[in-house]
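K.L.:
Sequence:
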Amino acid sequence: MPRGVVSTLTVAALLAATAPAAAFSARFSWRGIPACAAVSPAFALKGVPRGTASLSLAMRDRDAPDARESGSTVPYAGRGAVPRGAVSYTGPCPPKGASHHYIWTIHALDAKGGDLDMTEAAGNYPK
1 MPRGVVSTLT
11 VAALLAATAP
21 AAAFSARFSW
31 RGIPACAAVS
41 PAFALKGVPR
51 GTASLSLAMR
61 DRDAPDARES
71 GSTVPYAGRG
81 AVPRGAVSYT
91 GPCPPKGASH
101 HYIWTIHALD
111 AKGGDLDMTE
121 AAGNYPK
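Here UniProt numbering is used: the first residue of the sequence shown is 1, the next is one more, and so on.
Be aware that a few hints might be false.
[Claimed, not checked] 16 angstroms max Cα-Cα, derived EDC-like pairs, lysine to aspartate or glutamate:
#1 112 with 63
#2 127 with 66
#3 127 with 63
#4 127 with 61
#5 96 with 63
FYI, nobody ran anything at the bench for these hints, they're computed from the structure.
Start from the sequences and build out the full structure, keeping to the hints where you can.
P.N.:
Have a look at this one:
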């Protein structure tokens, strides 16, 4: 190959090597979760950082600023999910007839508890 000419294959290999990993994200649904119950929803995760040993999940009620954040840390087995009921927390309990907006903050932690990345997932309860 002439000097100064870069092949398409070389450029593709360089781009693949420097491409960022998929962004850490989470989805969940309140479907089947009773009001005021301590049954956490299942979470589907994408882009969980390599080296994640556990996940710290905490929920807050955006419509009740004085309410305490509730959650726990769970082991992460690398399956891209946290099963229903795995998080110890106080479930969503808006006043009767009201819908509140809840936000989950999820931290990916390494084996020493160091924070690798963070994401949030939100939803209204009840829908």
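K.L.:
Decide, hint by hint, whether the structure agrees.
P.N.:
The hints, checked one at a time:
1. At most 16 angstroms may separate the alpha-carbon atoms for a hinted pair to count; residue 112 and residue 63 exceed this at roughly 34 angstroms.
2. Between residue 127 and residue 66 the CA atoms are separated by roughly 22 angstroms; this puts the pair beyond 16 angstroms, and the hint is violated.
3. A threshold of 16 angstroms between alpha carbons decides the hint, and for residue 127 with residue 63 the separation of about 14 angstroms falls inside it, so the pair holds.
4. The suggested pairing of residue 127 with residue 61 holds, with an alpha-carbon distance near 14 angstroms, which does not exceed 16 angstroms.
5. Simply put, residue 96 and residue 63 have alpha-carbon atoms about 14 angstroms apart, close enough for the 16 angstroms limit, and the pair holds.
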